[in-house]
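S.K.: Each chain is listed here by its residues.
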Amino acid sequence: EDKVVQSPLSLVVHEGDTVTLNCSYEVTNFRSLLWYKQEKKAPTFLFMLTSSGIEKKSGRLSSILDKKELFSILNITATQTGDSAVYLCAVREYNNNDMRFGAGTRLTVKP
Amino acid sequence: ETGVTQSPTHLIKTRGQQVTLRCSSQSGHNTVSWYQQALGQGPQFIFQYYREEENGRGNFPPRFSGLQFPNYSSELNVNALELDDSALYLCASSPRGTGNTSPYGYTFGSGTRLTVV
Chain A
1 EDKVVQSPLS
11 LVVHEGDTVT
21 LNCSYEVTNF
31 RSLLWYKQEK
41 KAPTFLFMLT
51 SSGIEKKSGR
61 LSSILDKKEL
71 FSILNITATQ
81 TGDSAVYLCA
91 VREYNNNDMR
101 FGAGTRLTVK
111 P
Chain B
1 ETGVTQSPTH
11 LIKTRGQQVT
21 LRCSSQSGHN
31 TVSWYQQALG
41 QGPQFIFQYY
51 REEENGRGNF
61 PPRFSGLQFP
71 NYSSELNVNA
81 LELDDSALYL
91 CASSPRGTGN
101 TSPYGYTFGS
111 GTRLTVV
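The listed protein sequences correspond, in order, to chains A and B.
Under the working numbering, think of the first position of the first sequence as 1, with each following residue one higher.
Under the working numbering, think of the first position of the second sequence as 1, with each following residue one higher.
So that you can see chain A by itself, here it is in the shape it has in the complex (with noise of 0.2 Å):
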């Protein structure tokens, strides 16, 4: 079955810290690979990829994909409490119109 992992599910961290979030993906016909950040209702986009070892950043977030071992990363440096907020996973796969996510991570950021 189709299926998208998100680890950690938890993740506490200080400010000024580097996070690294995961997400690993079985699909069948792959076709694309989204991050969003929720931080109370609405997801906000940050990344799409599709493309293995192309690394796409805005500010200090950064993600990657790697289509051979089916998983992506999303890298945040220097950490604010701002970053507090659950990261989402999302998949696409060509013939299909839906986005399947991940459970998310949820992250907090303390002062």
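These are calculated hints, taken from the structure and not from any lab test.
Just so you know, not all the hints are guaranteed correct.
[Stated by the list, open to error] Short derived list, chain A residues pointing at chain B, Cβ under 7 Å:
#1 K41
#2 N97
#3 D98
#4 F101
#5 G102
A virtual CB, placed ideally from N, CA and C, is assigned to each residue, including glycine.
Position chain B relative to chain A; hints supplied.
M.R.: Quick look at chain B alone, frame taken from chain A:
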């Protein structure tokens, strides 16, 4: 440019009742998807609408139904509510139709928190 708006923001219903949730897509977006997010879980795909027709459906029973209107807004209807239907219902719009991927992913609304008692 307006984002995705959903109404109502919160709703309490009794088991067995029916509910309609509404979503206005972002300007220029013609595809709307609905997701159910239970507490502590990731969003689960319910269905997608494109050009006023259902364009893909997840593993949800027929009592979950929807509509899309000519202005691309959408409704999610749930009949015979069950306690397990309590969740955050998210609407997401995309500027592309079938088979195309928006380079910026989907834009989500803030959701409707449905509580069934």
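S.K.: For every hint, state whether the structure bears it out.
M.R.: Hints, one by one, checked against the model:
Given hint, A/K41 at the interface with chain B, holds; its Cβ is 4 Å from that chain's nearest Cβ, closer than 7 Å. The beta carbon of A/N97 is positioned within 7 Å of a beta carbon in chain B (closest approach about 3 Å), and the interface hint is therefore held. Below 7 Å, beta-carbon pairs count as interface contacts, and A/D98 has one with chain B at about 4 Å; its hint therefore holds. Annotation: A/F101 was flagged as interfacial toward chain B, and the flag holds, the nearest CB pair being 3 Å apart, inside 7 Å.
Given the 7 Å rule on beta carbons, the hint for A/G102 holds: about 5 Å separates it from the nearest Cβ of chain B.
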